[in-house]
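Heads up: the sequence lines are chains S and H, in that order. Note that the numbering used here numbers the first sequence so that position 57 is 65, with each residue one more than the last. Note that the numbering used here numbers the second sequence so that position 109 is 117, with each residue one more than the last.
Please note that a few of the clues may not be correct.
What the hints assert, rightly or not - Covered stretches of chain H (chain S as the covering partner; in silico rule of three or more C-beta atoms under 8 Å from a C-beta of chain S): (1) 18-27; (2) 38-52.
Stated by the list, open to error - Which chain S residues face chain H? A few, computed with CB under 10 Å, are given here: (3) Tyr43; (4) Gly66; (5) Phe114.
It should be emphasised that the hints constitute simulated quantities derived from the structure, not laboratory data. Remember, it's a predicted structure, so these values are computed and weren't measured experimentally. Ideal Cβ positions, reconstructed from N, Cα and C, are used throughout, including at glycine.
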Amino acid sequence: DVKVTQSSRYLVKRTGEKVFLECVQDMDHENMFWYRQDPGLGLRLIYFSYDVKMKEKGDIPEGYSVSREKKERFSLILESASTNQTSMYLCASSLYLQGAWNEQFFGPGTRLTVL
Amino acid sequence: AQSVAQPEDQVNVAEGNPLTVKCTYSVSGNPYLFWYVQYPNRGLQFLLKYITGDNLVKGSYGFEAEFNKSQTSFHLKKPSALVSDSALYFCAVRETYNQGGKLIFGQGTELSVKP
Numbered sequence: 009d010v011k012v013t014q015s016s017r018y019l020v021k022r023t024g025e026k027v028f029l030e031c032v033q034d035m036d037h038e039n040m041f042w043y044r045q046d047p048g049l050g051l052r053l054i055y056f057s058y059d060v061k062m063k064e065k066g067d068i069p070e071g072y073s074v075s076r077e078k079k080e081r082f083s084l085i086l087e088s089a090s091t092n093q094t095s096m097y098l099c100a101s102s103l104y105l106q107g108a109w110n111e112q113f114f115g116p117g118t119r120l121t122v123l
Numbered sequence: 009a010q011s012v013a014q015p016e017d018q019v020n021v022a023e024g025n026p027l028t029v030k031c032t033y034s035v036s037g038n039p040y041l042f043w044y045v046q047y048p049n050r051g052l053q054f055l056l057k058y059i060t061g062d063n064l065v066k067g068s069y070g071f072e073a074e075f076n077k078s079q080t081s082f083h084l085k086k087p088s089a090l091v092s093d094s095a096l097y098f099c100a101v102r103e104t105y106n107q108g109g110k111l112i113f114g115q116g117t118e119l120s121v122k123p
């Protein structure tokens, strides 16, 4: 089974702190994604990566950056955390098959609170 | 622009009764459609997908979904609901030509099954 792990389940940070959220997948998937989930808004894509050192902005990249130095690891960085970044953050990965389907597999999520 | 709509924020069903969670989509090409389920304080779990072929797709835990191209819908169904089916359900769509694997999610529908 695919396993996607996230470094923390719960995290509390202060405004202005630099925050790192780590995600690791063990199935050699090319694609990795970071979403945030807020009530009534569903999942919104922050960034995704389809290869090592490659990244693409999603729908809401402002205030975030990412790093993918190794295929299995995708990090989300909040350079200066703000209270409006309090949310549930979900990491996902998927296998890239040209012209074919690829469901995403999700980690358990990190609930971040910024005070 | 591509989008997914889940018109009901909440669906209430009695145990043993059939359930339907609605989803409509809008994409410019052929859609790849997905359903995910999220239990409290957990990540998303993949339920089923439609890529091509039979319009009725069967998935995990006795769920199925019907693809209707003319109505641009992909409703999730189960013949007999269980209390343990109570969770948050997300519909998602990916365009055929989107090789980055990016999904667009609906806002989610809370399913409540009462004994």
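Consistency of the hints with the structure:
{"no.": "1", "hint": "18-27", "verdict": "violated (count 0)"}
{"no.": "2", "hint": "38-52", "verdict": "holds (count 7)"}
{"no.": "3", "hint": "Tyr43", "verdict": "holds, 8 Å"}
{"no.": "4", "hint": "Gly66", "verdict": "holds, 7 Å"}
{"no.": "5", "hint": "Phe114", "verdict": "holds, 4 Å"}
In this structure, only the earlier hint numbered 1 is contradicted, and the remaining ones agree with it.
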